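Participant: Make the full structure from the sequences, and use the hints.
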Amino acid sequence: MLIAIAAIRMRDLFGVVILFGVYSLLTAVLFMDLDAVDVAFTEAAVGAGVTTVLLLSSLRLTRRWEAPPRHNPFFSLLVVGVTGAALVYATLDAPLLGDPSAPVHKHVAPHYLQEAAGEVGMPNIVTAVLASYRGYDTFGETLVVFTAGLAVLLLLGFSENGKSRIETSAIHDQVALKVVVKLLIPLILLYALYVQFHGDFGAGGGFQAGVIFATGFILYDMVFGVENARAVMAVAWLPRLAALGVLIYGGVGVYSMLSGKPFLDYSALSADPVQGQHLGVLLVELGVGITVFSIVLSIFYALSGRRRQS
Amino acid sequence: MNEIPGLFNYWVVVFLMMAGFYVVISQGNLVKKLVGLGLFQASVFILYITMGNLSGGQAPIVTEGVFIYSNPLPHVLILTAIVVGVATTAVGLALIVRIHEAYGSVEEDEIHALDMADDDTRLQEGAEREESSE
Amino acid sequence: MSLLDHLPILVVIIPLMSAPLCVLVDRSGAAWGVALAAAWLSFGAAIALALTVATSGTLTYQLGGWPPPWGIEYRIDTLASYVLLIVTAMAALVMLFAKQSVPREIPEQSIARFYACLMLAFAGLAGIVATGDAFNVFVFLEISSLASYALISMGRDRRALNAAFQYLVMGTIGATFILIGIGFLYMMTGTLNMLDLAARLPEVSDTRTVRAGFAFLTVGIGLKLAMFPLHLWLPNAYAYAPSAVTAFLAATATKVAVYVMLRFMLDVFGADFSLGDMPLNLILMALGLVGIIMASLVAVFQDDVKRMFAYSSVAQIGYMLLGIGLASATGVGAAILHIFNHALMKGALFLALGAVAYRIGAVTLGDFAGLGKRMPWTMAAIAIGGLSLIGVPPTAGFVSKWYLVLGTLEQGLWPIAVLILIGSLLALVYVWRLIEAAYFGAVAADAPEVREAPASMLVPIWILVAANIYFGINTDISVGAAMQAATMLMGNGG
Chain P
705 MLIAIAAIRM
715 RDLFGVVILF
725 GVYSLLTAVL
735 FMDLDAVDVA
745 FTEAAVGAGV
755 TTVLLLSSLR
765 LTRRWEAPPR
775 HNPFFSLLVV
785 GVTGAALVYA
795 TLDAPLLGDP
805 SAPVHKHVAP
815 HYLQEAAGEV
825 GMPNIVTAVL
835 ASYRGYDTFG
845 ETLVVFTAGL
855 AVLLLLGFSE
865 NGKSRIETSA
875 IHDQVALKVV
885 VKLLIPLILL
895 YALYVQFHGD
905 FGAGGGFQAG
915 VIFATGFILY
925 DMVFGVENAR
935 AVMAVAWLPR
945 LAALGVLIYG
955 GVGVYSMLSG
965 KPFLDYSALS
975 ADPVQGQHLG
985 VLLVELGVGI
995 TVFSIVLSIF
1005 YALSGRRRQS
Chain X
108 MNEIPGLFNY
118 WVVVFLMMAG
128 FYVVISQGNL
138 VKKLVGLGLF
148 QASVFILYIT
158 MGNLSGGQAP
168 IVTEGVFIYS
178 NPLPHVLILT
188 AIVVGVATTA
198 VGLALIVRIH
208 EAYGSVEEDE
218 IHALDMADDD
228 TRLQEGAERE
238 ESSE
Chain V
80 MSLLDHLPIL
90 VVIIPLMSAP
100 LCVLVDRSGA
110 AWGVALAAAW
120 LSFGAAIALA
130 LTVATSGTLT
140 YQLGGWPPPW
150 GIEYRIDTLA
160 SYVLLIVTAM
170 AALVMLFAKQ
180 SVPREIPEQS
190 IARFYACLML
200 AFAGLAGIVA
210 TGDAFNVFVF
220 LEISSLASYA
230 LISMGRDRRA
240 LNAAFQYLVM
250 GTIGATFILI
260 GIGFLYMMTG
270 TLNMLDLAAR
280 LPEVSDTRTV
290 RAGFAFLTVG
300 IGLKLAMFPL
310 HLWLPNAYAY
320 APSAVTAFLA
330 ATATKVAVYV
340 MLRFMLDVFG
350 ADFSLGDMPL
360 NLILMALGLV
370 GIIMASLVAV
380 FQDDVKRMFA
390 YSSVAQIGYM
400 LLGIGLASAT
410 GVGAAILHIF
420 NHALMKGALF
430 LALGAVAYRI
440 GAVTLGDFAG
450 LGKRMPWTMA
460 AIAIGGLSLI
470 GVPPTAGFVS
480 KWYLVLGTLE
490 QGLWPIAVLI
500 LIGSLLALVY
510 VWRLIEAAYF
520 GAVAADAPEV
530 REAPASMLVP
540 IWILVAANIY
550 FGINTDISVG
560 AAMQAATMLM
570 GNGG
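Protein chains in written order, with the working numbering: chain P, 705 to 1014; chain X, 108 to 241; chain V, 80 to 573.
If you are wondering where the hints come from, they were derived from the structure by calculation, not from laboratory data. Remember, predicted model here, so these are calculated numbers, not experimental data.
To list a few chain P residues with every Cβ distance to chain V over 10 Å, as calculated:
hint	residue
1	I722
2	G725
3	T756
4	F928
5	V939
Just so you have them, the derived chain X footprint on chain V, three or more residues with Cβ under 8 Å:
hint	segment
6	224-231
7	241-247
8	257-264
Which residues of chain X face chain P? A partial, calculated answer using Cβ under 10 Å:
hint	residue
9	A126
10	S133
11	K139
12	L146
13	I168
14	Y176
15	S177
16	T187
17	A188
18	I189
19	V190
20	A194
21	I206
22	H207
23	V213
24	E214
Glycine included, each C-beta is placed from N, C-alpha and C at the ideal position.
Facilitator: Here's what the structure looks like:
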């Protein structure tokens, strides 16, 4: 709560962004406490990680300090007051925290908890719901990521060669940093792959894996410079990879349709329905991971490649 | 009255939501607005997850010997919502960068003033053109 | 399962998958071809769907093979098939128009990605209409919204950037409010499927949580609809976006939001709750009327014609909200009918404006001087579209206004009927300003030589204009479907 208030009052935007990152991290911890492990993982990687990086990249291109406020805050406080009151009003009839007789625990959820192991064949029920029962929502989510990437590319584009950016020489001399990072990056990438494929059994899955995989590349770019980074992964490939990820996901759905079953029905993938579920989840999560990886990296390159105009 | 501890979680969430919401509508700096938006959305996520929590439950990964699990559905929904939130932030930031390049500022009132000035020049030019063609 | 069984998903999937294809193809001409094919195939599917629903009733489709409420379900009833027809038809026509318009306004290397975004916005909107799951609505709403922010920002004027940003902020607040609303509903019922929600809500509808959820949903949807006073993002967004984008969004995005309002308020919550227990009918009528009068007034004073018609759109949404607020089958039917007719009107008008922009480069009133002689077909289209806006027979606009007035008179609300007519008079004023400049204005001495718009633009414009007249005369299909949908919705309450 205090962090939120501090974020409002501060005018140093760099400070605001860092505070927001801390807020995200604390939220992730809170999620852990509330037994939401997958969500905590994602919030930490995406909320605290990616968002902070993106915000800082943008701050580099705009301004660090905020101008002093000129408006009278009365009207805004009024709107916020009314909305807050409405929300508190809503909670008065709400079920209490952790109450087992709450409606949410009685209807759809128990079915998932009881049947998922049998019907979908994996212990991580969140993944089962995400990738199978509500797989279409996740397809939509992948498309949201794809759309955002497209939007950023339309707005900013990549700079054509990495040389247009002024190199920060401070990092070049940091030998210790380079050595450590060289050791870390393979581990990061390996961990990302683990998260990708282990998501059925533990916390994890395509989104988190894609983000972590991209992080490895971003770290490489930051420490070793943009020319080396682009030699490893050519920037032009990223939009194509993203498109490929979406097509993989959708392709599984289309395959189901061609086999005479509804879109994204994984039982079409194999004679044994549970095997089909496993295969389906594997493929769609792969699609998600590829798209998330390429889009996160694209957005980073788009922002970091932009020349600062004063 | 002994409902208050159970509802307290919700009220904290409401406060956080309103803090974020306030930043969005009252601050003139575009970057801060975006951060406020993120704050607002993150608090909504906490609301959903709080809703799904079950006392004495564990994370919804089927394990030996555990019989009570927290509700997985809000987790799924919020995973999606987090990703949607970051996607929106990314697009917003790209827009802010372009706006800064076009206007030289990311403060709402400065941008508005520049637009008004544009309008005035256009009206002037139009009037001058009419005068010269008569 | 045969092809026909897959129709509900095909309408959405075809454009959805065409987007990554456009990105892979990366050449502007080929990307246009892919997008064009996707839009027309989707339109064909929507027609087949509408015919099937008309004969066999509501169609359902289980995504992933899981039955609801465990899985996500697509439900296409009369209302949904009606709105899908509009969305797909507009996409198909705008894609024809885009061939010449887009290369003029968008840099060459971005065109393929531009079409990908357009397809995503289109697919997002279609997905909102087709689904029967509340959270799925949210996801596809965000797909179409994000794509829209990007599309709007591609306008040539630097103001497009800020317009897109303002829309992003307000749109995200709206979407978050909708998320909060869905959350409250889920909290009290444990389900996300709309049919299931409708069944479970009545027993908990008396709780504060559900009422608050209702309020948040209304405000959130209202932001997307441009309901007064939440309409502030719309005039700038429509004015500064590229021509094809304005035409497409003006004809579809807010209509889909009206559809969402109808679906949630009348189907999920039920008409008795929404329009009876909660004072939504009064709120909608009041805000609708204020929107009509205020927006029409502001439109009169606009110099930029695109902005003028943008404010006109806010007024037209006011008419739709008024119809819903009447809380009768006639009123709701009029609103649904206006979804269809307004799409025809504004689609034609904004496409025609786009043609003018293509030839002249700008669209202020001054630029229109003497255009009647130089671009006769385009101006005639604008003139007829304007007549439809005012509500002159035999245009489609007249039919919607007729049913709206009928709805007010049914309830003895004479003053409101008068206000509707005043709105029409105001529309007459601003349309007349345009006609006067175009037909009676003298061409400025230094005005550039201007030819008529190219055929690829005139064809879609005149298809819509002809539709305006056709559906103004032969109202069986449009009115019949609208009234049937309205009766179903109103009958479901309780």
